Amino acid sequence: MSAETSVPRPRESGVDISDSGLLQGLLSQSPFAFAFLDPEGRFQRVDEVFADLVGFPVDQLVGRAPGDVLSADLTALIESCVRGIIEEAEVDGDQRIRVRTDDGRTHHWSLTFSPVHDDDGVLRAVCLVGVDVTGSKQVEEDLRRSEERYRSLVEAQSQLVWITAPNGVVLEDAPQWRAITGQGLEEYLAHGWLEAVHPDDRPHTEEAWREALRGRTMFEWSYRVRTRASGYRHFEVRAVPIIRHGRVVEWVGANTDVTPQREAEEMRGRLTDQLGAAALRTARLQGATAILAEALTVEQVVQVIIDVGRTALAADRSAVALLDVDRAVLKLVNNGGIPDIPGAPGEEIPLSHSSVMTMAVNSRRPVFAESPESLRSQLVDAGGDEEVITDFLAHSDERAWVGLPLLAAGRALGALRFSFTRPQKISQEDGVFLEALAGQCALAVERATLFEREHRTAETLQRSLLPDRLPVVRGLVLAQRFRSGSRHVQVGGDWYDAFVLQDGRVAAVVGDVMGKGVKAAAGMGRIRNAMRALALTNPPPAAVLTGLDRVFEATEEEEQVTTLAYMVVEPGTGEGTLALAGHPPPLLVSPQGVPLLVEGEPGTPLGWPTSRRQFRFCVPPGHTAVLYSDGLVENRKRGLDAGLADLCSVVTEAPPEVVASPHMLLDFLVDRMLSGYEQDDDVTVLAIHVPAATKSD
Numbered sequence: 001m002s003a004e005t006s007v008p009r010p011r012e013s014g015v016d017i018s019d020s021g022l023l024q025g026l027l028s029q030s031p032f033a034f035a036f037l038d039p040e041g042r043f044q045r046v047d048e049v050f051a052d053l054v055g056f057p058v059d060q061l062v063g064r065a066p067g068d069v070l071s072a073d074l075t076a077l078i079e080s081c082v083r084g085i086i087e088e089a090e091v092d093g094d095q096r097i098r099v100r101t102d103d104g105r106t107h108h109w110s111l112t113f114s115p116v117h118d119d120d121g122v123l124r125a126v127c128l129v130g131v132d133v134t135g136s137k138q139v140e141e142d143l144r145r146s147e148e149r150y151r152s153l154v155e156a157q158s159q160l161v162w163i164t165a166p167n168g169v170v171l172e173d174a175p176q177w178r179a180i181t182g183q184g185l186e187e188y189l190a191h192g193w194l195e196a197v198h199p200d201d202r203p204h205t206e207e208a209w210r211e212a213l214r215g216r217t218m219f220e221w222s223y224r225v226r227t228r229a230s231g232y233r234h235f236e237v238r239a240v241p242i243i244r245h246g247r248v249v250e251w252v253g254a255n256t257d258v259t260p261q262r263e264a265e266e267m268r269g270r271l272t273d274q275l276g277a278a279a280l281r282t283a284r285l286q287g288a289t290a291i292l293a294e295a296l297t298v299e300q301v302v303q304v305i306i307d308v309g310r311t312a313l314a315a316d317r318s319a320v321a322l323l324d325v326d327r328a329v330l331k332l333v334n335n336g337g338i339p340d341i342p343g344a345p346g347e348e349i350p351l352s353h354s355s356v357m358t359m360a361v362n363s364r365r366p367v368f369a370e371s372p373e374s375l376r377s378q379l380v381d382a383g384g385d386e387e388v389i390t391d392f393l394a395h396s397d398e399r400a401w402v403g404l405p406l407l408a409a410g411r412a413l414g415a416l417r418f419s420f421t422r423p424q425k426i427s428q429e430d431g432v433f434l435e436a437l438a439g440q441c442a443l444a445v446e447r448a449t450l451f452e453r454e455h456r457t458a459e460t461l462q463r464s465l466l467p468d469r470l471p472v473v474r475g476l477v478l479a480q481r482f483r484s485g486s487r488h489v490q491v492g493g494d495w496y497d498a499f500v501l502q503d504g505r506v507a508a509v510v511g512d513v514m515g516k517g518v519k520a521a522a523g524m525g526r527i528r529n530a531m532r533a534l535a536l537t538n539p540p541p542a543a544v545l546t547g548l549d550r551v552f553e554a555t556e557e558e559e560q561v562t563t564l565a566y567m568v569v570e571p572g573t574g575e576g577t578l579a580l581a582g583h584p585p586p587l588l589v590s591p592q593g594v595p596l597l598v599e600g601e602p603g604t605p606l607g608w609p610t611s612r613r614q615f616r617f618c619v620p621p622g623h624t625a626v627l628y629s630d631g632l633v634e635n636r637k638r639g640l641d642a643g644l645a646d647l648c649s650v651v652t653e654a655p656p657e658v659v660a661s662p663h664m665l666l667d668f669l670v671d672r673m674l675s676g677y678e679q680d681d682d683v684t685v686l687a688i689h690v691p692a693a694t695k696s697d
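1 is the number of the first residue of the sequence shown in full-length UniProt numbering; add one for each residue after it.
FYI, nobody ran anything at the bench for these hints, they're computed from the structure. If you're wondering where the values come from, they're calculated on a predicted model, not measured in any experiment. There could be a bad hint or two in this list.
Listed below are the simulated EDC-like cross-link pairs for lysine to aspartate or glutamate, each with C-alpha atoms no more than 16 angstroms apart in a straight line [what the hints assert, rightly or not]:
| id | residue 1 | residue 2 |
| --- | --- | --- |
| 1 | Lys425 | Glu370 |
| 2 | Lys637 | Glu678 |
| 3 | Lys637 | Asp680 |
| 4 | Lys331 | Glu347 |
| 5 | Lys519 | Glu294 |
| 6 | Lys331 | Glu299 |
| 7 | Lys137 | Asp94 |
| 8 | Lys519 | Glu557 |
| 9 | Lys425 | Asp316 |
| 10 | Lys425 | Glu373 |
| 11 | Lys425 | Glu398 |
| 12 | Lys519 | Glu558 |
| 13 | Lys331 | Glu348 |
| 14 | Lys519 | Glu559 |
Please work from the sequences and hints to get the whole structure.
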C-alpha cells in the first residue's frame with residue numbers, strides 16, 4: 001500500500017453527524033468509502049466500503065485508532081492528515097493509495113480528508129472519503145504508454161515533427177529541424193523553413209504546400225534540406241490537417257531523413273549499370289559457350305576464343321598456347337596472337353621464361369597488367385630479364401595485358417593471352433567474367449583434345465568438371481560423395497559445387513543435367529560455370545536461378561531438362577536461403593538423428609518460364625543439411641515418393657556417431673539407399689554441417 005497527492009480537498013462544515021438516520025443512509029447507499037475519526041484520531045463511524053478497503057470488519061474499527069488495526073503506511077497517512085486538519089495546517093486533498101484485493105488485483109483509491117464542525121465552529125470529527133479511481137488510473141497509464149510509444153517511434157524513425165497554424169504559418173519551435181539546419185528560432189518561424197530547402201526544390205515545394213493548404217488534403221512531398229555543415233540531405237515529408245467541427249485547427253507533419261535510402265538507390269543504379277554490363281558479357285559468354293560446345297578441334301576452339309576476345313573484351317590481340325607437360329613449354333596455337341618484335345617470345349615458350357602466359361600457368365591464377373609499368377614490375381618479380389622486358393615494351397604498341405590459365409580439374413592445359421593497345425582497367429566483375437571464360441575455354445580445349453578418347457576417359461572427364469576439393473571454412477563442415485552410375489563409361493550430368501562468396505557466406509549447389517554423354521557433361525559445365533559467375537555477382541538464390549533461366553534459354557536446347565538445389569548459408573549460425581529448380585527437397589538431420597524434408601516451393605527445371613522464389617533455410621548448430629541428386633532416391637524399381645520416405649527411414653537408423661559426422665553420414669546414406677537396387681544413375685550428395693557451439697566458442 002502506498003500514497004500520493006494531486007488535487008486540493010473539499011471542505012465541509014455544519015454537518016450534524018448525530019443524525020443517525022441520515023448518516024446511516026448515506027453510509028449504506030454510497031459507493032464511496034466513508035470513515036469519521038474523532039479529534040483523538042479514533043474511528044467513530046465507518047461504512048462497509050471502507051471496511052472492505054482496509055480489510056477489517058466494521059465492529060473491529062469503531063472506537064479504535066488506525067495504528068491498532070491498519071498497516072503502518074496507511075496509519076501514517078491517516079494520522080498525518082488528521083493531525084494536519086486538527087492543527088489547521090494545509091493538507092493535500094487527494095491522497096492516493098494502492099490496495100491489492102484477495103484475488104490478486106490492484107485497485108487505486110483517492111482519499112480526501114475534511115474537517116467536520118458543529119454550528120459553533122467546534123471541530124467534532126474528521127471525515128475521510130475514499131473513491132475508487134482504478135479506471136481513471138488505467139486511462140492515465142494507457143495515455144502515458146501511448147505517448148511513450150509515439151515518442152519512441154518518432155525517435156526510432158529519425159522523424160522531425162512540426163506543427164503549423166491552419167494557414168500554414170509556423171508558430172511553434174521544432175528543435176530537431178533547427179539542430180539539422182542550424183537555423184535560429186526567428187529564422188525558422190513563419191515560412192522561414194523554406195529558406196533551408198534546396199533552391200531547385202523550393203518553388204515546387206512551396207506550391208505543393210499551398211495546394212495542400214487550399215484543399216485541406218494530405219501533404220506528401222520530398223525535397224533536399226541544407227544542413228548545418230552546408231551539405232544537403234534528402235527528406236520525405238507528410239503532413240495532415242487536424243479538423244474539428246469542420247474547421248482546420250492546425251497542421252501536424254513529420255519529416256523523415258531518407259538520405260541513406262537515396263544513396264542506396266543511387267548505388268543500386270550504379271550496380272544495375274555494372275550488372276547490365278556484366279549481363280552483356282555473360283550473354284556473349286553463353287554464346288561462346290554454345291559455339292565451344294560444338295567445336296571438335298583445337299583450331300575451332302582457338303577461333304572461338306579469338307572472336308570472344310574481340311567482341312566481348314574488345315581485345316586487340318588474342319593468343320592461345322597449350323602446355324607440353326613433358327617438355328615444360330607452352331606452344332602457341334595461333335600465329336599473330338603475340339607481336340613479332342624484339343623481346344617477344346617465340347612459338348614455344350619455356351615455363352621458365354617470364355611472360356604473361358607462363359606466369360598464369362605457373363601460378364594457376366589470372367594475371368592482370370593494366371599498364372606497361374605494372375607488366376614490367378610483375379615480370380621482373382617473376383625472374384624475367386629486365387633488359388629484355390624493357391626492349392619488348394619499347395617496341396610494343398600494347399599497353400595492357402591479361403593472362404588466364406586453362407585449368408581442368410586443377411591441371412593446367414595451357415594459357416590465354418589478351419592484349420590491348422590502350423591502358424585497361426580490370427574490374428572485379430571483369431575478373432569474374434574472365435575466369436568464367438577461361439573455364440569454358442579450358443573445357444572446350446579439353447573436349448577437343450580428348451574427343452577421340454571420350455569413352456575411355458568419360459568418368460575422369462565428369463569428375464574433372466566437379467570441384468577438386470571443397471572449401472575449408474570456419475564454422476562449417478562440407479562433405480561430398482559422388483558415385484557414377486554410367487554404363488559403358490558414358491558421361492553423366494550430375495554435379496555439385498561449393499564456394500565462398502565475397503561476404504564470407506558459402507554457396508552450395510547440387511544439379512542434375514538429364515541424359516548421358518558429352519552433351520550432358522557440356523551442359524553441366526556451362527550451367528555450373530554460369531552459376532558461379534552469377535552467384536559471385538549477385539548471390540541470392542532467386543536471383544541466381546533467374547539468371548540461369550536466361551542462360552539456359554540462350555545456350556540449351558528446349559528438350560534439355562536441368563534441375564538443381566542452390567543454397568547460401570552463413571558459417572557458424574547456419575542462417576541462409578534456399579531455392580529449388582525442379583529438384584528434390586533438401587534433407588535436414590538433427591543432432592538426434594531426426595530427419596526433416598525441407599518444405600518449400602519445388603519450382604520448375606531451368607529454362608521453364610516461372611517466377612523464381614527463395615525461402616529461409618536454417619541449418620541450426622549441430623544439424624546437417626543434405627543436398628542430393630535424384631539418383632539417391634529414385635530408380636526403375638522405386639518411385640520418388642517411396643525413395644524420399646526410405647531416405648528419412650534410413651536416417652533414423654543411423655548411429656549417433658554417424659549422425660555427428662557429415663562424412664560418415666553420407667557414406668551411410670549412399671550405402672543404405674543403394675543396397676538392394678541396381679544403380680542406373682549417378683548419385684551426387686553434398687552435406688553442409690554446422691558444428692554445435694562449444695564453451696571455447
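Outcome of the hint check:
The hinted pair formed by Lys425 and Glu370 meets the criterion: a straight-line CA distance of about 6 angstroms does not exceed 16 angstroms. Taking the CA atoms of Lys637 and Glu678, the gap is near 9 angstroms; set against the 16 angstroms cutoff, the hint holds. Note on Lys637 and Asp680: the hinted pairing holds, with a Cα-Cα distance of about 11 angstroms set against a maximum of 16 angstroms. As the CA atoms of Lys331 and Glu347 are separated by approximately 6 angstroms, the hinted pair is consistent with the 16 angstroms bound.
Using a Cα cut-off of 16 angstroms, the hinted pair Lys519 and Glu294 holds, with the two alpha carbons roughly 9 angstroms apart. With a CA separation close to 13 angstroms, the supplied pair Lys331 and Glu299 stays within the 16 angstroms bound. Annotation: proposed proximity of Lys137 to Asp94 holds, straight-line Cα distance about 13 angstroms (limit 16 angstroms). A hinted pair counts as satisfied when its Cα atoms are at most 16 angstroms apart, and Lys519 with Glu557 qualifies at roughly 10 angstroms.
Distance restraint check for Lys425 and Asp316: the Cα-Cα separation of roughly 15 angstroms lies within the 16 angstroms cut-off, and the hinted pair is therefore satisfied. Between Lys425 and Glu373 the CA atoms are separated by roughly 14 angstroms; this keeps the pair inside 16 angstroms, and the hint holds. Proximity of Lys425 to Glu398 is assessed by CA-CA distance (about 14 angstroms); at most 16 angstroms being required, the pair is judged to hold. Only pairs whose Cα atoms come within 16 angstroms are accepted, and Lys519 paired with Glu558 is accepted, the gap being roughly 13 angstroms.
A C-alpha spacing of about 5 angstroms is found between Lys331 and Glu348, which places the hinted pair at or below 16 angstroms, so the restraint holds. For the proposed pair Lys519 and Glu559, the alpha carbon gap of about 12 angstroms is at most 16 angstroms, so the pair holds.
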